[in-house]
Amino acid sequence: MALVKRRIPLALAFCLGVVFAIQYYVPHPVSETVLTRSNLWVIIITSFSIVLGLSSLLHIHIGKMRTLAPGWGYSAVLVASLVTTAALGFVLGKDPGSPVFWIYTTMYVPLSGTMFSILAFFIASAAYKAFRARTLEATILLVAAIVVMLGNVPIGFLMHKYIPVVGNWIYQNPNMAAQRGILLGLSLSFVATSLKIIFGIERAYLGGGD
Amino acid sequence: MMRIVGAGIFVLFFLFLACGCAKELPRERAKKLILPGEFKAIDAPNDDGNAVLLVWSVAPSDNVRPQVMEDVIKEKTKPLLDKTDEALKGIKRVLKEEAKSKGTTLSSEIWKRVEEGVHDAVAARVRGEVESFYSSAPRVKYILSMARPEKALRDEWDQPLPEVDSDKSFASENPKYFGLKSANEMLHYLEVVEPYKKLKEEESKLTKSIVKNNTEIEKTLAALKKDMNRVRADMERKKSKREEITAQLKEIGSIAAAIREVSAPVEEAIAEKRKRLEEEINSLTAALEVTSREMETMLKALISGVDQLTARPAEKAESFTVAIRELAARLDAAEKKRKELDQKTESLSSEKNKLMVQTEREIERDKKELEKKIESLTAMRKGLAGKPEVLEAEMKELGKKIISLTTEIEEDEKTIAVLEKPTETLKKMEDMKKEVQKARSERDQIRKRLKDPKEMTYYFKLEVTDGKETLAYPTPVTALPVANYFNWAKLNNFVLTVLFSIVVMGLIAYAKRNPNLFIRKISGLDAVDEAVGRATEMGKHILYFTGLLGMGSLSTIASTNILGRVARKVAQHDSQIKVPCNDPIVMSVCQEVVKEAYTSVGRPDAYRDDNIFFVSNEQFSFTAAADGMMMRDRPATNFFLGYFYAEALLLTEVGASVGAIQIAGTDALNQLPFFVTTCDYTLIGEELYAASAYLSREPVLLGSLKGQDAGKLFLAVLVIVGAILSSVGINYLTRLLEPL
Amino acid sequence: MSVLTKLLAIDRRIIFLVIAAAVVLSLFFPMRLEVAVTPPVESIYKTIESLPEGSVVLVSNDYDPSSKPELYPMSVALFRHCFKKNLKVVAMTLWVTGEGLIADALNAALKDERFKDKKEGEDYVFLGAKVGGSAVIMGMGQDIAGTFPKDYKKRPVTDLPLMKNLKTLTDFDYVVSIAAGSPGVDDWVIYGSEYLRKKKPKRVELAAGCTGVMATQYYPYLDSGQINGLLGGMKGAAEYESLIQWKDQGTYQMDAESVTHIIIIAFVILGNIAYFTIRKSRGNVTGEAK
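First to last, the protein sequences are chains P, C and D.
Under the working numbering, think of the first position of the first sequence as 469, with each following residue one higher.
Under the working numbering, think of the first position of the second sequence as 1337, with each following residue one higher.
Under the working numbering, think of the first position of the third sequence as 4, with each following residue one higher.
Source of the hints: derived by calculation from the structure; they are not laboratory data.
The model shown is predicted, which means the values in this text are computed figures rather than measured ones.
Heads up, some of the hints might be wrong.
[Claimed, not checked] Heads up, simulated DSSO-like pairs for lysine-lysine below, C-alpha to C-alpha not over 27 Å straight-line: (1) Lys203(D) to Lys629(P); (2) Lys87(D) to Lys562(P); (3) Lys250(D) to Lys562(P); (4) Lys1428(C) to Lys629(P); (5) Lys203(D) to Lys1376(C); (6) Lys562(P) to Lys114(D); (7) Lys1504(C) to Lys122(D); (8) Lys87(D) to Lys629(P); (9) Lys1541(C) to Lys153(D); (10) Lys1787(C) to Lys1804(C); (11) Lys1544(C) to Lys170(D); (12) Lys9(D) to Lys1376(C).
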């Protein structure tokens, strides 16, 4: 079992990691072909993961319905919606004018937008709570936040023509510098973690700890 | 004094920086057409052998570039605008005085518009003049052509390349890169991709035709085979059908024969009985007739006797009396006879009836017996009435079918014979095979040519024209496209990667020997114990989120690592941990991790599979479900470790509202502010990746962390030194990290 | 003082109500304020303006309906600008759930009378959605027809006149990634740039559009030249609409954003006033919103 669960995946990770690390530096047509074929494999496998998700989802919700667990009604609604939309899609297609497109535009689009829009309220209450000028750094943050917020809206431009200019300067200088610093650190972590995965030092992705 | 000296040095420093920045700008092109100084063709570097670069230097007769024109316009416009401003100032003064004398004011809004209008007019005028000056010059273009060596030697340049406008050049900071001697920084450039495109197209066409013909041949063969198989199968089917029908026929025949065998004697017996019955009836009827005739005769005789007697009254009475006595005696005898005959008739009739009834009963019984026998015989022949006539009709039908099937089978045999030797189709296939062979040999020749360097060398010619005159570069140039095995433009990237990997591996090896490496305090990770303890005290569970990305993301891998440590602590404290997942693969991994954690502390019984579950892979569906869980279950502690998107604030705000202690860690830079404001502890960026090393203190992980720190130190030094050098105009370090 | 204490400990639902009222009122009473254009947005505009007629622009719209308010106006404005300049447009998406939305955006842009002669397959193509993220981008760098064998309407891509000369990413003249997350701008910068850089003498430029929240993290790319322009959130869309002089949802929705920002700033200032006043009077008070 250790051979299948540990050794083979580790060997695969090592071999493929080294191959594709080398592939990046080799422009030869053979190398390009390897990359092209592998990309097709990745696209196909990623598409199959949808099937995995679907089966897991159905397993959980049908299980809930069968045992009449709390919230089973919502599970029933979910399963019914899934089956209806999938059936309509397979039979009648998803082009504009089809029932699936109608479901998409009248239900999915507004629901997604609504959930995202709740953020506005939460941001307001979080900002109200967080922006207290308790320390010098907090005060600088507060002032910068106000300038940037005003610079992002036409009212700021109306108040003074330099507010958007200062806001943009804050974006392009202190903000950019801090983001770049974090990005550099993250990128190095990516490389180090990738090396650890290739060489089998990092094994969390196999499950079951180290 | 010192301040003045300092200021002077500062000014000198900026002057020093400023000098050397002005460039010589070409103002006009040479009036006479001039060829470029150098023209080269080189294999495109760092590619898959697909391209050749044609590079030539800028000639004095080239049209001015748009960028140069813009610079000239700016240069010419500025002094004019300054002079205009001076003039406008004077005008403004006069207008102000005039307005003041009239008791009014000059509107600044209007004056501003006047100024802008004048500036725009001046700039437009200058632009117009400069553009018309430069555009009045004839358009100079470069015409390039390509040819195979044999054609180039005959001056047959049969493959034209795209024309290049002379005002489209680019600045090469390293002309030596292209092997050009000239120090001229401007170059013209054309990349010829796949110069052997025609050959390749031919090869591809031939391959397609080979494939097509082969496919056609295979299809034809397959179709032939299919037809033959079909006909054979049909024939076999018909043969077996015929056999079946023959067997049916035999069966029916045997049944009919059996029926006949059974029926004949019975029917004979029935016929015999009927015949006997008829004979009996006939004889009885005849006897009855005889009797009736006798009776009639007697009656007739009696009647004639009475007539005689009555007809002769005067005759002797004695003789009459004797005659009457005779007659009476005869009447008596006739009466007796008649009674006898009546009795006989009655008995004959009853006998006849009895016989009829009996015979009919026997016949009936025989018939029933016969029917039963026939039924049993024809039991296998369903739907049949069982009558031999019906069976015979069916047999006739079956016989006809057998005949038609035999005819069809004979036809099929003829068809098969034809298919086995399809002369026309075979001829067609032979032709196709010949075509395929021919195409293959042609293609092989082309492939041979494509591999032969001598064959793949192309010649290039350069001409320059201004519409009236055309000049050609004296000698054509050659180049051979070659696939490179290493992309030298990425050499710096490769070296840095290898160096970094060596440093990381080296530090890992070092950490194995010296395990007590220092890591600075990360408060968020120190608080994990406190958070778990709090949950245990409150008797509530812990909610753990691994983010919205899959197992392919490094942040999710780091999160599952931390989950293992947290789950171990939870198991030790006998608390509960719930992990809602938005990816089924992540869910499987998390289940394994938590199970392993519980097992490692000796509490496999406390592990519950249901605590790690899949919710939805839709961002906001997952968020809505998670928020609902938090509002209903009110967990004591929330962990948000991984990559989050817009749902971060939605989750943390709700978590804060239920009073949970919240520890977050993400490399999603844009979500960090939301986590910082709503969570008690936040791991920023790579602190998430460092967490597994921090919590476990494993030498291997600590060593890699140190390696990352070494890399960061290197980059920090590079940034500082590079910034200083760039400020004084030395950009070498900046270019070190760009693609070469 | 009790007012200030109450203000510090204000119920968050009151904040929600005020925000909601402000947004609704601003939609009923629009202000139509002018938007100031910033250099990152202007850069994209200038690049498209400088492209000659017939140039091909690839627009990768990687978002779903949740980001529609911010990114949909960007897509529509970009399409309109390209059509106005008689540029060819190839649209695609790496997010399956956004496919219908992008088709909608193209149709919205094409509704205008001026574009009625634009033909699908010749002037614009919608390749549809493809799952795979960076693998799709790398695939396009090698062979577009291999990665997208059929377009949104299931027609073979090789049969479309516009796609006949577009074999790889280097055949485009400009690439814009409008994204709400991953896969998105980061993938185009990391993987797409490798191929875009191969075009000589000048590489194919890449621009980005994203939600307001994500805009800050792409400034390093803008500064280093990895992207040549950035459309940040609804404001970016409004700025672009004002540049192309075609005001639509991006501009109209800015009123609500303006009012919301002002209200948040007002609340923050009030909160700080209350905090400092109470602290001054009581020494050290902590009062938080529920």
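Results of checking the hints against the structure:
The hinted pair formed by Lys203(D) and Lys629(P) fails the criterion: a straight-line CA distance of about 41 Å is larger than 27 Å. Annotation: proposed proximity of Lys87(D) to Lys562(P) is violated, straight-line Cα distance about 30 Å (limit 27 Å). Distance restraint check for Lys250(D) and Lys562(P): the Cα-Cα separation of roughly 31 Å exceeds the 27 Å cut-off, and the hinted pair is therefore not satisfied. Taking the CA atoms of Lys1428(C) and Lys629(P), the gap is near 25 Å; set against the 27 Å cutoff, the hint holds.
For the suggested pair Lys203(D) and Lys1376(C), the alpha carbons sit about 16 Å apart, so the restraint of at most 27 Å is met. The suggested pairing of Lys562(P) with Lys114(D) holds, with an alpha-carbon distance near 22 Å, which does not exceed 27 Å. With a C-alpha separation of about 32 Å, the suggested pairing of Lys1504(C) with Lys122(D) is violated against the 27 Å cut-off. Simply put, Lys87(D) and Lys629(P) have alpha-carbon atoms about 30 Å apart, too far for the 27 Å limit, and the pair is violated.
Among the hinted pairs, Lys1541(C) with Lys153(D) is consistent with the structure: their alpha-carbon atoms are about 23 Å apart, no more than 27 Å. For the hint pairing Lys1787(C) with Lys1804(C), the CA-to-CA distance comes to about 42 Å; that exceeds 27 Å, so the pair is violated. Proposed proximity of Lys1544(C) and Lys170(D) is supported: the alpha carbons are some 19 Å apart, at most 27 Å. Taking the CA atoms of Lys9(D) and Lys1376(C), the gap is near 80 Å; set against the 27 Å cutoff, the hint is violated.
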